[in-house]
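Next come the chains, spelled out residue by residue.
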Amino acid sequence: MNAIEVALVLGSLLSVGALWAVPRAMAQNASAAITAGVLALVAPAAALWLLGSVAVIPLLMRLGELAGRRGAVVIFCSALLATLLIASREIEGVAGQPIALVGGAYFTLRHVHVLMEWWLGRLSIPSIAAYARYHLFLPVLMVGPIHRLPHFERQCARRRWSADEFFSGAERALFGLALAVVVGGYLHARLIDLLKAHELFALSPFLESWIFSALDWVRIYITFSGFTDLALGLSLMMGLRLEENFDRPWRARNLIEFWTRWHMTLSHWCRDYVYVPIAASFRAPVIGVFAAMLVLGLWHETSAYYILWAFWQALGIVLTQLYLNREDPLRLQRLPALAKSVFGPLAVLIWLSGARPVLETALEVLIP
Amino acid sequence: MTPALRFLEQRLPPICARVVLMLIYAVLLISIIMLAGSGWIEPILYEDVQ
Chain A
8 MNAIEVALVL
18 GSLLSVGALW
28 AVPRAMAQNA
38 SAAITAGVLA
48 LVAPAAALWL
58 LGSVAVIPLL
68 MRLGELAGRR
78 GAVVIFCSAL
88 LATLLIASRE
98 IEGVAGQPIA
108 LVGGAYFTLR
118 HVHVLMEWWL
128 GRLSIPSIAA
138 YARYHLFLPV
148 LMVGPIHRLP
158 HFERQCARRR
168 WSADEFFSGA
178 ERALFGLALA
188 VVVGGYLHAR
198 LIDLLKAHEL
208 FALSPFLESW
218 IFSALDWVRI
228 YITFSGFTDL
238 ALGLSLMMGL
248 RLEENFDRPW
258 RARNLIEFWT
268 RWHMTLSHWC
278 RDYVYVPIAA
288 SFRAPVIGVF
298 AAMLVLGLWH
308 ETSAYYILWA
318 FWQALGIVLT
328 QLYLNREDPL
338 RLQRLPALAK
348 SVFGPLAVLI
358 WLSGARPVLE
368 TALEVLIP
Chain B
303 MTPALRFLEQ
313 RLPPICARVV
323 LMLIYAVLLI
333 SIIMLAGSGW
343 IEPILYEDVQ
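Heads up: the protein sequence lines correspond to chains A and B, in order. Read in order, the letters of the first sequence are residues 8 to 375 in the working numbering. Read in order, the letters of the second sequence are residues 303 to 352 in the working numbering.
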């Protein structure tokens with residue numbers, strides 16, 4: 008863990024204490040103030056970016072409401088947020104000093120969620136204070152989940168002290184941190200060292216890349232789900248049950264099921280704000296799938312590799328759907344239950360991890 | 303109720319059980335953070351899980 012991550016964890020624990028120590032009416036404001044303080048201390052640029060957007064977006068929404076131009080405001084704000092996110096990835100430092108832009112990828116999506124819900128008429132314009140309380144929630148700042156405003160406000164309203172919830176949250180947070188740091192950080196690295204030292208995969212570079220890519224997916228799952236457990240556990244210690252991010256993705260029987268179990272708050276975001284509008288506009292679900300995966304890929308990284316990665320994943324989803332539409336021509340449903348429970352997840356892992364060797368080879372050919 | 307809390311509450315007054323459990327968790331948390339910062343463990347950065 009680096010210093011920023013440690014500061015965010017300790018700041019979250021401070022928020023837990025403040026939330027139960029101050030009067031209920033002030034609790035969420037205290038939590039937001041601590042978040043702003045910690046962020047300003049460890050990542051001033053990110054604090055400026057977040058606080059600025061939190062102050063400006065509700066104002067622009069009000070102007071859009073008055074002018075009767077909701078669509079224009081949503082498109083303008085979304086384009087501006089996306090540009091800032093992409094630009095932030097190119098900035099390595101200011102005046103020779105490195106700057107940390109913590110959480111930008113996540114709060115950008117939260118902004119777009121609120122804008123889209125308002126455009127669709129499902130959400131009224133939040134006050135700046137309510138909007139700040141929603142965004143300035145420290146446990147989810149670093150790695151999500153991309154929680155939603157109505158759910159967050161419901162949770163804040165129902166918040167009651169419960170020793171059971173508090174200690175369940177503490178256990179989940181500790182378990183998550185240990186999982187991410189010890190299993191994801193240590194055991195996985197030692198496993199890779201061991202495999203490299205013994206040249207167990209001294210096969211072709213293509214196959215070796217595929218195997219290490221598969222091991223990377225396992226590591227990402229361990230660390231990401233560990234940090235998610237930490238965030239959700241800390242939230243539960245505050246009395247808030249936020250949205251889950253993983254639903255045992257290693258049990259997915261096909262690629263479509265995998266994307267409904269993996270990083271669920273992100274895939275739900277892509278479904279609601281990219282897939283559904285585009286599939287409905289073009290009356291073509293396939294275009295919606297490609298667009299959603301493209302946004303998902305570019306959210307991870309703005310690069311040629313991730314554009315190809317998005318097409319690879321979308322192709323997998325389309326092929327899976329075509330197979331499911333044909334009523335199981337390979338008769339996989341007739342396999343014994345144990346074989347099905349192994350074959351499905353294995354096929355998913357092979358497809359997911361195949362992206363790296365296939366696409367890197369393709370990029371070498373296309374851009375020599 | 304979590305198993306750890308139930309275990310302690312069967313042996314100690316509830317308030318003591320909660321304080322003891324919080325202290326245990328605080329020690330565990332500090333240990334993990336120190337372990338992570340010791341260099342013995344491969345650092346996991348924000349970018350890795352983004």
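There could be a bad hint or two in this list.
Just so you have them, the derived chain A footprint on chain B, three or more residues with Cβ under 8 Å [as the list claims (entries may be wrong)]:
id, region
1, 303-315
2, 321-335
Example chain A residues on the side facing chain B (calculated, C-beta under 7 Å, incomplete) [unchecked claim]:
id, residue
3, A54
4, S175
5, A185
6, L186
7, L370
8, E371
Hint data in this document are derived by calculation from the structure and do not stem from the laboratory. Even for Gly, the Cβ is constructed at its ideal location relative to N, Cα and C.
A quick look at each hint next to the structure:
| no. | hint | result |
| --- | --- | --- |
| 1 | 303-315 | holds (count 4) |
| 2 | 321-335 | holds (count 7) |
| 3 | A54 | violated (15 Å) |
| 4 | S175 | holds (5 Å) |
| 5 | A185 | holds (6 Å) |
| 6 | L186 | violated (10 Å) |
| 7 | L370 | violated (21 Å) |
| 8 | E371 | violated (24 Å) |
The structure does not agree with the numbered hints 3, 6, 7 and 8 stated previously, though it agrees with the rest.
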